[in-house]
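Participant: Line by line, the protein sequences are chains A and B.
Residue 8 is where the first sequence starts when you use our numbering, and the numbers rise one by one after that.
Residue 105 is where the second sequence starts when you use our numbering, and the numbers rise one by one after that.
In case anyone wonders, no lab produced these hints; they're calculated from the structure.
Don't take every hint at face value.
[Stated by the list, open to error] If you want a taste of the chain A side facing chain B, the calculated C-beta under 8 Å gives, among others:
1. Leu-27
2. Pro-38
3. Arg-42
4. Gly-49
5. Thr-57
6. Thr-58
7. Ala-82
8. Ala-85
9. Ala-87
10. Ala-88
11. Leu-92
12. Ser-98
13. Arg-119
14. Val-130
15. Ser-141
16. Ser-144
Predicted, not measured: the structure shown is a model, and the values here were computed from it.
Note that CB positions come from ideal geometry on N, CA and C, so glycine has one too.
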Amino acid sequence: MSLPASDLLGLFGHFLVLSLLAVGGGITTAPDMHRYLVLERGWLSDAQFTTSIALAQAAPGPNILFVAVLGWNVAGAAGAATTMLGMLLPSTTLALWATRWRHQRRDTRGVRAFTEGMTPITVGLLLATGWILSEPSRHDLGAVAMVLLTVGVMLKTRLSPMWMVAAGAVVGMAGWV
Amino acid sequence: MPVPEVAQDAASAAPPHPESPAPGGTPPPRPASPAELFWAFTRLALQGFGGVLPVAQRELVERRRWLAKQEFVELLSVAQVLPGPNIVNLSLMIGDRFFGARGAFASLAGMLAAPLIVVLAAAAVYAELARHPLVAGALRGMGAVAAGLILATGIKLVGTLKQSALGRELAFGLAALTVLLVAVLHWPLLWVLGCLGPLAMVLAWRRSKP
Numbered sequence: 008m009s010l011p012a013s014d015l016l017g018l019f020g021h022f023l024v025l026s027l028l029a030v031g032g033g034i035t036t037a038p039d040m041h042r043y044l045v046l047e048r049g050w051l052s053d054a055q056f057t058t059s060i061a062l063a064q065a066a067p068g069p070n071i072l073f074v075a076v077l078g079w080n081v082a083g084a085a086g087a088a089t090t091m092l093g094m095l096l097p098s099t100t101l102a103l104w105a106t107r108w109r110h111q112r113r114d115t116r117g118v119r120a121f122t123e124g125m126t127p128i129t130v131g132l133l134l135a136t137g138w139i140l141s142e143p144s145r146h147d148l149g150a151v152a153m154v155l156l157t158v159g160v161m162l163k164t165r166l167s168p169m170w171m172v173a174a175g176a177v178v179g180m181a182g183w184v
Numbered sequence: 105m106p107v108p109e110v111a112q113d114a115a116s117a118a119p120p121h122p123e124s125p126a127p128g129g130t131p132p133p134r135p136a137s138p139a140e141l142f143w144a145f146t147r148l149a150l151q152g153f154g155g156v157l158p159v160a161q162r163e164l165v166e167r168r169r170w171l172a173k174q175e176f177v178e179l180l181s182v183a184q185v186l187p188g189p190n191i192v193n194l195s196l197m198i199g200d201r202f203f204g205a206r207g208a209f210a211s212l213a214g215m216l217a218a219p220l221i222v223v224l225a226a227a228a229v230y231a232e233l234a235r236h237p238l239v240a241g242a243l244r245g246m247g248a249v250a251a252g253l254i255l256a257t258g259i260k261l262v263g264t265l266k267q268s269a270l271g272r273e274l275a276f277g278l279a280a281l282t283v284l285l286v287a288v289l290h291w292p293l294l295w296v297l298g299c300l301g302p303l304a305m306v307l308a309w310r311r312s313k314p
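Please model the entire structure based on the sequences and the hints provided.
Facilitator: Okay, structure coming up:
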């Protein structure tokens, strides 16, 4: 639960970069966090990675807090502070600057080209993230069914995601996944 | 979820006007101080299980009427384009609109502080309970749901590509290519965005020739 300062600095630097790459929301950088924390550094296991995200999604508040949980699982409170600050500093600074800048040139061709160009990539990143998060579930028939059921319910009904998360917890406790 | 008094006070302070305020009538309601922003965002963040955005829309637009629907959509579209979590960017922008940088940080702190404590407490407790089979089972089930929620969000957004200025085929192709590079070939995000991003923007720029 603790890392040398040099590793914390590396972690901070990695999340600083990810912050600026998180177009379409923090969750789209999850595949890269997985690559770095699980595959490259071996600081977290696959299951730890996925449950960190599940925990943050089950809890109230912005889902970006999964970043703090990942940091917590890597190196406790210092890890959580490192990943959260790294993740937020660049993007919030940019957002503050951009919201003021935008007032002058909201409908220019350049801004529109950026939006239109980035949309398909953002959608692709979301789908890829869902695929990577389903990794631990794909070896179990019940878990696959739960993933598919969730997709179906979210597409076809107006039920709050909160209820699906609760259903997932119950199904998991019953040992069906 | 019970309604705390704060919201009722805010609602009764403002005259009960219909859809939009009467022309030349009372100005639209606004937060009295950065502290009010902080508490409003804390309240809505704590209600957001599995996503804060729907709650934010209901609280800020429908209940408190600090923003018109149109303004909310505008700010959200910018927040979505910028890097960083959408809801965090959105809260910064709304705070900045009322009280400048002080407001921006008040909303940001409101959005993050209380939920951060809740989620880290949960993570700490989880570490203690990790070996308990019921907890492990619950988190396995929640993990499956988490994957399903993200997949469903992605699938819903695929529909928006039909109206893309890039044209349907090109937009679908770029999305599919992104999935292939990230999920199958495990490319680092930096490479994916660095290669596909500029390509997509140039294509969109050329298609939007006035």
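Participant: Does each hint hold? Answer for all of them.
Facilitator: Verification of the supplied hints:
1. Leu-27: At about 5 Å, which falls below the 8 Å cut-off, the nearest Cβ of chain B leaves the hint on Leu-27 of chain A intact, so it holds.
2. Pro-38: Holds, about 5 Å.
3. Arg-42: Holds, because the Cβ-Cβ distance from Arg-42 of chain A to chain B comes to roughly 6 Å (cut-off 8 Å).
4. Gly-49: violated, 15 Å
5. Thr-57: holds, 5 Å
6. Thr-58: holds, 4 Å
7. Ala-82: Constraint on Ala-82 of chain A not satisfied, violated at 12 Å.
8. Ala-85: This interface hint is violated because 12 Å lies over the 8 Å limit.
9. Ala-87: With a closest approach of 6 Å, the Ala-87 of chain A hint holds.
10. Ala-88: Violated, because the Cβ-Cβ distance from Ala-88 of chain A to chain B comes to roughly 10 Å (cut-off 8 Å).
11. Leu-92: Cβ of Leu-92 of chain A sits 11 Å from chain B, so the hint is violated.
12. Ser-98: Result: holds, 3 Å to nearest chain B Cβ.
13. Arg-119: holds, 6 Å
14. Val-130: holds, 5 Å
15. Ser-141: holds, 4 Å
16. Ser-144: OK, holds: Ser-144 of chain A within 8 Å of chain B, min 4 Å.
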